[in-house]
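Between the sequences and the hints, there should be enough to build the whole structure, so can you do that?
In this text, residue positions in the sequence shown follow numbering that gives the first Met the number 0: the first is 0, and each later residue adds one.
Treat the hints as calculated values from the structure; they're not laboratory data. Any given hint could turn out to be false.
Stated by the list, open to error - Simulated pairs of lysine-lysine, DSS-like, Cα-Cα distance not exceeding 25 Å:
no.	residue 1	residue 2
1	K194	K97
2	K214	K8
3	K241	K63
4	K224	K194
5	K221	K188
Unchecked claim - Estimated spans, in silico, between C-beta atoms of each pair:
no.	residue 1	residue 2	range
6	T56	A242	44 to 50 Å
7	T157	D204	40 to 46 Å
8	E40	T193	24 to 30 Å
9	A171	Q237	44 to 50 Å
10	S202	D127	54 to 60 Å
Think of the CB as a built atom: it goes at the ideal place given N, C-alpha and C, for glycine as much as any other residue.
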Amino acid sequence: MPDTAAEKKVTEDLTVDRDSVEAILNANDEWSIEEALRIKESRDDVEIVALCMGPDTAQQTVRKALSYGLDAAIQITDEAVAGSDAVATARVLAAALKDEEWDLIIMGNQSSDARSMLVPAMLAEFLDVPALTYAKRLAVGDDGAVEADRETAGGHETVQTTLPAVVSVVEAINEPRYPNFKGIMAAKKKPLETKDLAAIGLSADDAGHAGSATKVLEATPKPPKEAGEKIEDDGTGQVGAKALVDFLVEKKFI
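Set out below in structure tokens:
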């Protein structure tokens with residue numbers, strides 16, 4: 000995803016110019032990576048494959064995901080996916096998974112930029128499998144049972160289903176590890192398969208603006224920051240201190 004802290008340029012079609020900003024790993028997906036690694040460490044029949052939809056420049060981000068200890072990655076990259084909303088994104092990810100063997104999909108509950116929180120449930124709908132969302136605890140049994148504690152507005156609830164399933168996780172689920180030097184070096188040689196829309200059975204009409212259910216009507220840049228108020232003192236500390244207190248009172252900070 001584009002770096003949320005960086006200044007961004009918007010193209011004529013009201014999408015972010017991805018060439019103008021660095022691609023980063025979605026912070027929320029670090030929780031899903033950590034949870035997948037913990038499941039793998041608890042049993043010997045697990046392979047973890049990262050799935051990413053993004054431009055060519057996102058490949059370095061995929062390699063970073065691999066450096067945590069994942070086994071392989073698949074990246075869907077096609078000019079036609081630019082501008083995809085949650086529906087189009089879920090459709091593309093589901094199409095990429097249709098020919099893959101998988102049991103459990105773990106995702107961050109939202110991206111740090113759009114924050115729609117819609118893709119996990121939509122992906123499950125496209126795949127016709129159960130979705131356990133907002134999980135703050137996850138347990139996978141040897142019998143294929145999946146149990147999760149979910150965060151809700153009123154507290155929490157415990158839900159169960161069976162594999163295959165889609166799970167989205169929240170920050171409370173774990174504390175992500177950092178990739179070590181060995182992992183970073185190993186990631187450079189791990190399998191990373193790239194596919195375009197045609198390779199997963201989709202056309203340009205299924206993604207991007209054409210495949211989206213929502214449309215951006217307007218995009219405006221952030222207003223420039225106003226210069227702060229400068230307080231000068233006469234050297235005694237009295238003038239500056241009074242001016243500072245008066246300012247804080249005026250702004251109702253004290």
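Do the hints match the structure? See the list:
A C-alpha spacing of about 13 Å is found between K194 and K97, which places the hinted pair at or below 25 Å, so the restraint holds. About 18 Å separates the Cα atoms of K214 and K8, which keeps this hinted pair within 25 Å; it holds. Taking the CA atoms of K241 and K63, the gap is about 51 Å. The hint is violated against a cut of 25 Å. The hinted pair formed by K224 and K194 fails the criterion: a straight-line CA distance of about 42 Å is larger than 25 Å.
For the hint linking K221 to K188, the alpha-carbon distance of about 41 Å lies beyond 25 Å, and the restraint is violated. Distance hint for T56 and A242: a CB-CB separation of about 49 Å, consistent with the stated range 44 to 50 Å. Hint check: T157 to D204, Cβ distance near 41 Å, so the stated range 40 to 46 Å holds. Take E40 and T193: their Cβ atoms lie about 28 Å apart, and the range 24 to 30 Å holds.
At roughly 48 Å, the beta carbons of A171 and Q237 sit within the given window of 44 to 50 Å. Between S202 and D127 the beta carbons are some 22 Å apart, a value that contradicts the proposed interval 54 to 60 Å.
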